[in-house]
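> As given, the protein sequences belong to chains A and B, one line each in that order.
For what it's worth, our numbering labels the leading residue of the first sequence as 97, then goes sequentially.
For what it's worth, our numbering labels the leading residue of the second sequence as 97, then goes sequentially.
Simulated from the structure, these hints should not be mistaken for laboratory data.
Just so you know, these numbers come straight off a predicted model, no measurement behind them.
Any given hint might turn out to be false.
One copy or two, it doesn't matter: identical chains are merged, so the pair holds either way.
Below are the EDC-like pairs computed for lysine to aspartate or glutamate, each with C-alpha atoms no more than 20 Å apart in a straight line [said to hold, decoys possible]: (1) Lys-472 <-> Asp-442; (2) Lys-645 <-> Asp-609; (3) Lys-132 <-> Glu-168.
Number of protein chains: 2
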Amino acid sequence: MSSQNIVVIGGSAAGPKAAARSKRLDADANVTLLQKAPELSMASCGYPYYIGGNFDERNQLLSTPTGVVRDESFFAAAKGVDARVNTEVTAIDRSRKTVACINVLTGEKATVPYDKLVLCTGAVPRRPPIPGVDLDGVQSLSEMRDADKLRELRDSGKVKDVVIVGGGLIGIEVCEALVESGMNVNVVEMLSQLLLFLDWEIAKLVEKHVVSKGVTVHTENGVAEFLGENGRLTGVKLNDGSVVPCDLAVVSIGVVPNADLAKKVGLEIGGFGGIVVDEHMRTSDPDIYAAGDCVEISNRITGKKTYAPYGDLANLEARVAADNIVLGDEVVFPGTVNSGICKVFDLSAGSTGLSESRARQEGYEVVTATNASPDKPGFMGAKPLISKMVAEAKTGRILGFQCVGPGEVNRQVAEAAMAVMNGNTVHDIGVADLPYAPPFSLAIDHFIATAHVLQNKMAGRMTGISNAEVKERIDAGSAPFILDVRAPGEFKEMRLDVGETLIPLGTLRNSLDKLPQDKSAEVVTFCKISMRGYEAQRVLEAHGWNNVKVMEGGIMAWPFAVEQGC
Amino acid sequence: MSSQNIVVIGGSAAGPKAAARSKRLDADANVTLLQKAPELSMASCGYPYYIGGNFDERNQLLSTPTGVVRDESFFAAAKGVDARVNTEVTAIDRSRKTVACINVLTGEKATVPYDKLVLCTGAVPRRPPIPGVDLDGVQSLSEMRDADKLRELRDSGKVKDVVIVGGGLIGIEVCEALVESGMNVNVVEMLSQLLLFLDWEIAKLVEKHVVSKGVTVHTENGVAEFLGENGRLTGVKLNDGSVVPCDLAVVSIGVVPNADLAKKVGLEIGGFGGIVVDEHMRTSDPDIYAAGDCVEISNRITGKKTYAPYGDLANLEARVAADNIVLGDEVVFPGTVNSGICKVFDLSAGSTGLSESRARQEGYEVVTATNASPDKPGFMGAKPLISKMVAEAKTGRILGFQCVGPGEVNRQVAEAAMAVMNGNTVHDIGVADLPYAPPFSLAIDHFIATAHVLQNKMAGRMTGISNAEVKERIDAGSAPFILDVRAPGEFKEMRLDVGETLIPLGTLRNSLDKLPQDKSAEVVTFCKISMRGYEAQRVLEAHGWNNVKVMEGGIMAWPFAVEQGC
Chain A
97 MSSQNIVVIG
107 GSAAGPKAAA
117 RSKRLDADAN
127 VTLLQKAPEL
137 SMASCGYPYY
147 IGGNFDERNQ
157 LLSTPTGVVR
167 DESFFAAAKG
177 VDARVNTEVT
187 AIDRSRKTVA
197 CINVLTGEKA
207 TVPYDKLVLC
217 TGAVPRRPPI
227 PGVDLDGVQS
237 LSEMRDADKL
247 RELRDSGKVK
257 DVVIVGGGLI
267 GIEVCEALVE
277 SGMNVNVVEM
287 LSQLLLFLDW
297 EIAKLVEKHV
307 VSKGVTVHTE
317 NGVAEFLGEN
327 GRLTGVKLND
337 GSVVPCDLAV
347 VSIGVVPNAD
357 LAKKVGLEIG
367 GFGGIVVDEH
377 MRTSDPDIYA
387 AGDCVEISNR
397 ITGKKTYAPY
407 GDLANLEARV
417 AADNIVLGDE
427 VVFPGTVNSG
437 ICKVFDLSAG
447 STGLSESRAR
457 QEGYEVVTAT
467 NASPDKPGFM
477 GAKPLISKMV
487 AEAKTGRILG
497 FQCVGPGEVN
507 RQVAEAAMAV
517 MNGNTVHDIG
527 VADLPYAPPF
537 SLAIDHFIAT
547 AHVLQNKMAG
557 RMTGISNAEV
567 KERIDAGSAP
577 FILDVRAPGE
587 FKEMRLDVGE
597 TLIPLGTLRN
607 SLDKLPQDKS
617 AEVVTFCKIS
627 MRGYEAQRVL
637 EAHGWNNVKV
647 MEGGIMAWPF
657 AVEQGC
Chain B
97 MSSQNIVVIG
107 GSAAGPKAAA
117 RSKRLDADAN
127 VTLLQKAPEL
137 SMASCGYPYY
147 IGGNFDERNQ
157 LLSTPTGVVR
167 DESFFAAAKG
177 VDARVNTEVT
187 AIDRSRKTVA
197 CINVLTGEKA
207 TVPYDKLVLC
217 TGAVPRRPPI
227 PGVDLDGVQS
237 LSEMRDADKL
247 RELRDSGKVK
257 DVVIVGGGLI
267 GIEVCEALVE
277 SGMNVNVVEM
287 LSQLLLFLDW
297 EIAKLVEKHV
307 VSKGVTVHTE
317 NGVAEFLGEN
327 GRLTGVKLND
337 GSVVPCDLAV
347 VSIGVVPNAD
357 LAKKVGLEIG
367 GFGGIVVDEH
377 MRTSDPDIYA
387 AGDCVEISNR
397 ITGKKTYAPY
407 GDLANLEARV
417 AADNIVLGDE
427 VVFPGTVNSG
437 ICKVFDLSAG
447 STGLSESRAR
457 QEGYEVVTAT
467 NASPDKPGFM
477 GAKPLISKMV
487 AEAKTGRILG
497 FQCVGPGEVN
507 RQVAEAAMAV
517 MNGNTVHDIG
527 VADLPYAPPF
537 SLAIDHFIAT
547 AHVLQNKMAG
557 RMTGISNAEV
567 KERIDAGSAP
577 FILDVRAPGE
587 FKEMRLDVGE
597 TLIPLGTLRN
607 SLDKLPQDKS
617 AEVVTFCKIS
627 MRGYEAQRVL
637 EAHGWNNVKV
647 MEGGIMAWPF
657 AVEQGC
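From just these sequences and the hints, can you work out the full model?
Right, dumping it as structure tokens:
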């Protein structure tokens, strides 16, 4: 048997993984990696941290953990892979099984034969069809050269005012990078919230934090026009007519699959514009596989196709593709649960599975719980976490989990991702055995505690009300009786100031005369995190009140303004 | 229906949870909590951090997150629970369903009737039957007053030399606390390693770190005698005859269930000396439940009974007991997978499930993989993690996972605990969708990467050899050909110095003449973490060598001495 030719198109994340893994599995194979950009195997998720000056050595984005740059000679020597940079693929001939390419620097053309082909052509940033989008100063962040450009602008010290168009993950990471670089930043977002993987009231907590860093956030607003003089950006005109002067606009309104080559040769394309692959990462052509940001994959919860352009999935998909090419379609890639996390200044924000709004869109009947509690005991320097758990009402199966805060979000979301992938219920998590020691977690881990809250709600022991609903009712002039059961000192320090009544939990049993004496009057209880709020509900119900609700997450999760000091 | 009487004996961890939860579930119940000690609801896992001076306010161990001390009046006012401290239970009358108790300060006696009783009597520290154990200066760490005593000794500045007897979790935490307090510390351990939940070679990495902090560790050695003068400890005589002078000895050789009361009234006691409970946390008396360190529970992997005295489990067990008392045995406590974690100076060490040695003792045929790799990308300030995964050979089911290092152990062990509880295989984890962003993890999370290594081993693509076996072979004079494939710079900085040959991976394909030309000669490859070691194995096998092994975890996981500098 002669050795097989494996050709991989694309050299960012999925491509290098597919190439290197193929060669390790089949040492006899001729593996060729064709990359249009001058760099290989870029840590593109690291661009915001390079731009923001977390580190200065550009090569760190391109190096192995021991500091070797992953260039053509590295791939040849260490991986046995024939990697060619600056090499654009111009055509695929499926019947002859060849790939035509051109060196974009020298103009040299070549034809590479393949037995198996892997498409890892990635994604391209969405460009809004807005006047002025081609002005100098309107920038996206997709390729290494975009990162170089933004870093250069930062180092020049000449950029003072920035508008970031799009309040998603990349937008927020770039926002932080540029604020840390001393720039004055505006974020413009079409929708009513940042970070769409979070539910509105959780996203508002992130927004509050971003605003506290001096950023101006314009939600429910879009860019009508990029304004310029002599071809240079001078400002941005928003949909509401206002003008924000700026020297730089970073457009980060998402990416779309780069499936041009696949389309051209008639491979099946899906509803999101991505290459359709089966569970083996094989396209509609049995000799062509695809992986990374150019494909559509399955959502493991809904079973539907989705588009999930994440660097970690690209690597896993590519590994599965290589396995199946060499071993014969024996490995299955099950899809995504949309796990993600990002740093937002002093907060982390993470999510896995479906948000409440997304789950409802998908037709699930859901129950949710919000839990605000510390990540560790107070004596170990606890920091708050605010989480929301979404479960299927019928079964208690956890569909999603979101967590934000200055505390240890990382472990929480990782645990939740495992739970969602495994189809665990709130009852499974309520008795989970997770590692505990004071430097690392609470005796009842925050994730478990959140499941406990949801169990209590599902059993009808706790009736919750969201802070958004409470706020709406207050604004509409139909506020319920709002009962703050914290201590006087806590009240002095910070309070809602919406007409609430303070009765500390410890005195509640002796202060029942201060409550509405109509036992069917609606009472909303809360405390710092609403654990005491829940105790108060139990006390009031034991004394006959029958319309008591706990405002979930307490004052910690309150995304609106609060009064501070006395 | 008259309101039921629920009596809980024990007020540390499980007791307060059982009492408060019962009252929340049944507002009409009379809930009484009887506690022998003067304190309630102590965060006993925090004692080492109090002793070590991480914080100075003793009340932080006894307070709610908002700083309210959980004393009798707190339990009365906030929880509706009649908590009585300094109250020792002297007898239980099962036929009359009463509990007799005495106030240990006033001598006042009382009889409390119960409909349901919950035993949360905790554990007592093992005391070695060694001459001199009663000397002043021989101390255990179990109760609040022990913590007070050790903190007082620390603050006095009078203790210079300490011997810690027992190198388990508490022993190591106290070791750190006392070293940080400026004391000279010896740790004496009967077995050949510290932290028995880790396999030997992983525990040795911890030991190496502890020793680097100036601690003297005596393994395979025990205390023959506590030496004293005028009733005061002056030193410790070890089993090997040596004498270690000291002012303080902390005995931490584990705990045994405090099941005296249960025994006295004829409840069923198990093989570990703990109270036998069913999956509802009910004892052999249907009106008596038990939870916390006094009970035996199931190991969720083996299905066998085990003793797992952990604070987090105590809380969960107590919650289940309360649920079943009030709601009628509807909630099941499934047991433990022995998840645990601890801080050891600049390292964290965690584990879940079975270690390799434990799994083999239990009769499992296992495969294992060791993985040393960073927790994050280098440009985000990566720190190393060294992990070992243990799986069932037949099925690939993950039986256990251990992780140590200065890196982010917490998330890794939590993920693994979820995997073990769910019966996930290495193949499930190989395609897991976990949250990724550079500040939090690698694109291929360390836990997933460890599963990948084990997949490669199970598929026969990678043949591993443990560093312990390599060392043994070297010491026995039958060393294989040892091939270091790192870069010359890395070699200069640190090397095994056991007669290895350096051929950087990038030059290996052109340096095959430097290998033993007998293709069946045993070759052991390694690098920093053994990813390149694995690549080297693949290269050599492609060129005909048929007895190549990768030393797992590379030089990062090497627990023995290394040569440093040139």
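> As a check of your reading, is Lys-645 near Asp-609 (CA-CA no more than 20 Å) within one copy, between copies, both or neither?
within (19 Å within a copy, 78 Å between copies)
> Taking 20 Å as the upper bound on the Cα-Cα distance, should Lys-132 and Glu-168 be classified as within, between, both, or neither?
Answer is within: at 13 Å inside a copy they meet the 20 Å cutoff, but 72 Å across does not.
> When Cα atoms must be at most 20 Å apart, do Lys-472 and Asp-442 count as within-copy, between-copy, both, or neither?
Both, since 17 Å and 18 Å are each at most 20 Å.
In terms of the numbered hints stated before, the structure departs from none.
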